[in-house]
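Fit chains B, C and D to the given chain A structure using the hints.
4 protein chains.
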Amino acid sequence: MTHKIAILGASGYTGAELVRLIAGHPNLEIVALSGERKAGMTMAEVFPHLRHMDLPALCKIEEIDFAGIDLCFCALPHKTSQEVIRDLPKTLKIVDLSADFRLRDPAAYKKWYGNDHAALEMQQEAVYGLTEFYRDQIKGARLVAGTGCNAATGQFALRPLISAGVIGLDDIILDMKCAVSGAGRSLKENLLHAELSEGYNAYAIGGTHRHLGEFDQEFSALAGRPVKVQFTPHLMPANRGILATAYVGGDAQAIWQAFSAAYADEPFVELLPFGTAPSTHDVRGSNFVHIGVAGDRIDGRAIVIAVLDNLTKGSSGQALQNANLMLGEDETEGLMMAPLFP
Amino acid sequence: MTHKIAILGASGYTGAELVRLIAGHPNLEIVALSGERKAGMTMAEVFPHLRHMDLPALCKIEEIDFAGIDLCFCALPHKTSQEVIRDLPKTLKIVDLSADFRLRDPAAYKKWYGNDHAALEMQQEAVYGLTEFYRDQIKGARLVAGTGCNAATGQFALRPLISAGVIGLDDIILDMKCAVSGAGRSLKENLLHAELSEGYNAYAIGGTHRHLGEFDQEFSALAGRPVKVQFTPHLMPANRGILATAYVGGDAQAIWQAFSAAYADEPFVELLPFGTAPSTHDVRGSNFVHIGVAGDRIDGRAIVIAVLDNLTKGSSGQALQNANLMLGEDETEGLMMAPLFP
Amino acid sequence: MTHKIAILGASGYTGAELVRLIAGHPNLEIVALSGERKAGMTMAEVFPHLRHMDLPALCKIEEIDFAGIDLCFCALPHKTSQEVIRDLPKTLKIVDLSADFRLRDPAAYKKWYGNDHAALEMQQEAVYGLTEFYRDQIKGARLVAGTGCNAATGQFALRPLISAGVIGLDDIILDMKCAVSGAGRSLKENLLHAELSEGYNAYAIGGTHRHLGEFDQEFSALAGRPVKVQFTPHLMPANRGILATAYVGGDAQAIWQAFSAAYADEPFVELLPFGTAPSTHDVRGSNFVHIGVAGDRIDGRAIVIAVLDNLTKGSSGQALQNANLMLGEDETEGLMMAPLFP
Amino acid sequence: MTHKIAILGASGYTGAELVRLIAGHPNLEIVALSGERKAGMTMAEVFPHLRHMDLPALCKIEEIDFAGIDLCFCALPHKTSQEVIRDLPKTLKIVDLSADFRLRDPAAYKKWYGNDHAALEMQQEAVYGLTEFYRDQIKGARLVAGTGCNAATGQFALRPLISAGVIGLDDIILDMKCAVSGAGRSLKENLLHAELSEGYNAYAIGGTHRHLGEFDQEFSALAGRPVKVQFTPHLMPANRGILATAYVGGDAQAIWQAFSAAYADEPFVELLPFGTAPSTHDVRGSNFVHIGVAGDRIDGRAIVIAVLDNLTKGSSGQALQNANLMLGEDETEGLMMAPLFP
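Chains as they are written, first to last, in this note's numbering: chain A, 26 to 367; chain B, 26 to 367; chain C, 26 to 367; chain D, 26 to 367.
So here's chain A without its partners, still in its complex pose (with noise of 0.2 Å):
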């Protein structure tokens, strides 16, 4: 049975991924896709790499009768997701990859994102998309939210082993190294080739990113007490992938045992033998997540290190992965490509 599939936003990066992955998927087709400012183009106009396929012009959201659709992807701008996906029918089943939905709390929104949020019951109705860790949740609902990419990364790194009971809570560190894909297709001086290329910072310093709302509230509810990370991302010189290290307390070998059980049957997530560090150039263009341990030669410390794409498993994969489950799909269907190296 094929599913019929919109893309709203479907000019950015996450938009483009999420047709590249369709493409390998036999059950879903793609009716219509939209793009407010590149309304009426072809999308081999605005992705040339996609000209083989046989797409939909990009169109005007209004346009797009959805009667005739299954299920809507939402890669929309923070904040013009919520405006739409509130009017769209409410019986549209729909996974959104905007930061609109992530967050339970208002409060907590309203204190990330700066706003008070234009759709308050739709946010309650929202299952959080992190797939395996949501997973019967998620095969039940109508609106899921897919999760910020460095947040994803940072719990597959964290949730085992704070449910484990294996590590301390307080003083937990991410230093995150991040994709520049993960900023979208935006026009900014310090993501251009010349400026980024070469070299690397760290940003949003200071514990200011908002992907921060997303870690208290995973982990705080994890926990059962509030837990707060100290977290630092750093923009790296290369398209996908992020690497997260997170500095923690607490025996490794019983980390490793934590994440082996935690991990054991879930058919995108390869822990490695203990000892060896993951690279994000072992899971570009795929949907896997590669974890790996080691301890310190200081007792008691270890470091816990996850690697994802950005575009993929930290996003547009993820999105798949939980429309899978929407749909009835089995969950692994269009994703299980291999990663592209070199």
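Think of the hints as simulated: they come from the structure by calculation, not from any bench. For every residue, glycine included, the Cβ atom is placed at its ideal position computed from N, Cα and C. Incorrect hints may have been included.
BS3-like mimics (lysine-lysine), calculated; alpha carbons at most 27 Å apart, straight line [unchecked claim]: (1) C:Lys85 <-> A:Lys85; (2) A:Lys104 <-> A:Lys115; (3) A:Lys85 <-> A:Lys118; (4) B:Lys63 <-> D:Lys213; (5) A:Lys104 <-> A:Lys85; (6) C:Lys104 <-> A:Lys213; (7) D:Lys213 <-> B:Lys213; (8) A:Lys29 <-> A:Lys118; (9) D:Lys104 <-> B:Lys85; (10) C:Lys213 <-> A:Lys104; (11) D:Lys136 <-> B:Lys213; (12) C:Lys253 <-> A:Lys85; (13) A:Lys115 <-> A:Lys164; (14) B:Lys85 <-> B:Lys136; (15) B:Lys115 <-> B:Lys135; (16) C:Lys253 <-> B:Lys253; (17) A:Lys253 <-> D:Lys253; (18) B:Lys104 <-> B:Lys213; (19) D:Lys253 <-> B:Lys104; (20) B:Lys253 <-> B:Lys104; (21) D:Lys63 <-> B:Lys213; (22) A:Lys213 <-> C:Lys253.
The following residues of chain D were derived to be distant from chain B, with all beta-carbon distances above 10 Å [to be verified]: (23) Thr67; (24) Leu113; (25) Tyr159; (26) Gly190; (27) Leu194; (28) Val205; (29) His218; (30) Ala229; (31) Ala246; (32) Pro258; (33) Pro262; (34) Gly274; (35) Phe299; (36) Glu358.
Here is chains B, C and D on its own, set in the frame of chain A:
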């Protein structure tokens, strides 16, 4: 029906690329992987990006029982390949990715490669593996010789024009820009990140690159007279992608029409609208070729630009395309994945 | 004696490069820096890599008192430059880095740039700034027009050959590979790291690049007859460096000899041993030009390859070289720093 | 007065960087360059970017007459260096860039490097070469041991804080991002462009990196008690630049003040305004260090970020800075060039 596959030389880039592609093919099963120096290692150790796959460990060639194998990809170094293939069972279907069986004339082989050929009769038997132009012969072939990656790119840019008689034959210039993975997993100073990134240079200048042997053979056969092109490759700070800029005499519109006719039904060749320049960004990781044509302010001069991914369409993707034909599979099976962008 | 210097348009790459170079010049002092949109900001805010220098803040042009200034570098956008320079004091020495005064023929200017020139008499006065070939005129000039970066590279590769009559004039092809900083600090999608890194493409195909105006003017004047080259630029995933591959008819040894004679005493031009290919890696950040020559297997065909750093020798370094001559300084002062490798 | 200089190990990156820097120094003259495997070659052959310079050819060490040499830079591999330096004239001033004389305690040396030291008494004599903190001792030293590049970066980020007592000593975490030139001109697969570009990974995880020996020695001496930091390096797809992100307990404003006091008169250390993140882009090719400080939403936690160019301030620039002091030159001579951006 599942075909059993062996890959000789699986520890190099083209070997790993074959594994990546075959992972997406429903009817091929990898049953043996050889790697002389790394025999005994798992593929996860040699290529961690393939960790999620259930693959045989690397072994030595002599450990492989070819009786149960339907087709063997041979991704060995030049010269080694002919010696190995010579001794394989004569009933085994083989796709060779080395240069050893590309040239049909033993003298030409010796001229460009410096040694006498060790398997002369097989050199005669081998079919040249540029699928789009040798499709019928490949279907019935036992041994197919994969083309050089530069040679493939140049031929996509020029064969239909020579066949249609729309360009001059005596002043063809091919300026080639080649990504570094074309040099293989070779430990050379100029291939180090520190020495290659952020710059570029020509190499094999003066008409000395071995792929000239293929151009001479193929273009002369097509034209029915000797054709010698001037060809200069340049090493680019990128991992995948070849861009051929062909400078030719001829009417640009007639050239575009010749391509349009020649490639109309080709699943992997995309002719861009007249005057549009293709980019290697738009074919990365895929089996597609993009071709652009433009005139010049100088009457009677035109440029043709062809791009492809050297590891995929220029090597391992082409090899799988040929294997599909040899095995009675659909030619495009396992090869329709969209390019990875960004 | 210290010369007082103003830089107009100091918030762009060529402006910042001028500051970098002047920092190493013992006899120049920067007394004014303009940047219209960033007026009021310090250079440390606009270019943190210049933080250690004691520099005036950015101001608007009208705030500058030109009475105390000996020489003004004008790194403004095309068309703006002519309007600003028209109104500067007529006694002020000026080195313009824009395209506005490169073409001497008003009709040629209009053809390539699309508008009537706003300072026609100054267009006649301006001396073309390719130092090695206009040295004597530059010494006495008040207004010097810096060359295009591609135009400079192509001329280093061809001028001595046209002058010496050792190449044919009707089949010259210039295949140019250009780093992205040549496009300036422009916010365009194709200049983003995510879209440029790891790939390449031709642009301005079909003989439409504006630097053709310079080639036509200069080569025709040298030859004493019209000379039209075929020129195609390609955008490279690198920040600095231009590589020109010139395909010419002629004897390669005679070509090498012509270069050897022409450049024997040039402090910034290095002719490589015959048959050696230069690399942009070897001139990065410097004012040097490297030139290589090779023959071809086709008799009577040769290639010439020239490389330089577009921001230094192709723009700001050339500008300082010219300023040195105009101010009576040693031509090489502040310009002999070695390239940065790796 | 001109000082005569020899560089041992001139065929590696730090050797070439020394040549680049000395080229801009008015009072140093290179009279001998050694390179064991490349003896007999010219520097233009080994490093074409130095082609314009008039340099001695590479020779073997035993061919050098040290009688006429004032100072010798030793850029040899670890372990080789101690054996060579042991046998050099005892009156020769030496700046060693290897790890051999960094650790004063023979047991610590053996622990981190695995072998007994071959020149124990010189190990005692050597002065640790972090100029800003050992200036007076370096002025009178005969043998100065250049620091590790990571070790230098981490110490710029932490020494003033330990001295001022403004941070806790038991929970310091150093997350380091290191450019590939720090690995030298080594032929290893993971240093190839094809395997390093576009991705990143941690290495030497688990507290095993040798630079920990330097941290332990220096921080413990400063604090007057054992200090052990947790340090994890990450390999970056860039050629130059180290970024240290230090996670510390302490008041962020007090930290900023401590830096402000400590570095007020340092010509090469730039403290950024509070809350500003430095970037490796802004120090490339220069001898500058940029330092930024920020607090966190968690009270009492702060981050310090320090960046420098590993080949310049982290190695060869530091070496020249020390040589200047040892030779009675101005400390900054030849080192004030601005960074290269973009």
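Problem set entry | Least C-beta distance from Ala229 of chain D to chain B larger than 10 Å | holds, 17 Å
Exercise. Is the Cα-Cα distance between Lys115 of chain B and Lys135 of chain B 27 Å or less?
Worked result: Roughly 24 Å separates the two Cα atoms, so the pair holds.
Exercise. Are Lys104 of chain A and Lys85 of chain A close enough, with their CA atoms no more than 27 Å apart?
Worked result: Measuring from Cα to Cα gives roughly 17 Å; hence the hint holds.
Problem set entry | No chain B beta carbon within 10 Å of Phe299 of chain D's | Given a closest Cβ separation of 33 Å, the condition holds.
For this session: Decide if the proposed pair is consistent with the structure: Lys253 of chain C and Lys253 of chain B, CA atoms, cutoff 27 Å inclusive.
Result: holds, 25 Å
Problem set entry | Status of Leu194 of chain D, Cβ more than 10 Å from any chain B Cβ | holds, 36 Å
For this session: Could you grab the alpha-carbon distance between Lys213 of chain D and Lys213 of chain B and see if it respects the 27 Å cut-off?
Result: holds, 9 Å
Problem set entry | Given as non-interface: Gly274 of chain D, partner chain B, CB spacing beyond 10 Å | holds, 36 Å
Problem set entry | Beyond 10 Å from each Cβ of chain B, as asserted for Tyr159 of chain D | holds, 29 Å
Exercise. Quick one, are Lys63 of chain D and Lys213 of chain B close enough, alpha carbons at most 27 Å?
Worked result: holds, 15 Å
Exercise. Given the hint that Lys213 of chain C pairs with Lys104 of chain A, does the C-alpha gap stay at or below 27 Å?
Worked result: holds, 24 Å
Exercise. Does the claim that Gly190 of chain D lies off the interface hold, with its Cβ farther than 10 Å from every Cβ of chain B?
Worked result: Label holds. Min Cβ-Cβ 40 Å, cutoff 10 Å.
When held up to the earlier numbered hints, the structure conflicts with 1, 9, 11, 12, 14, 19, 22, 28, 29, 33 and fits the remainder.
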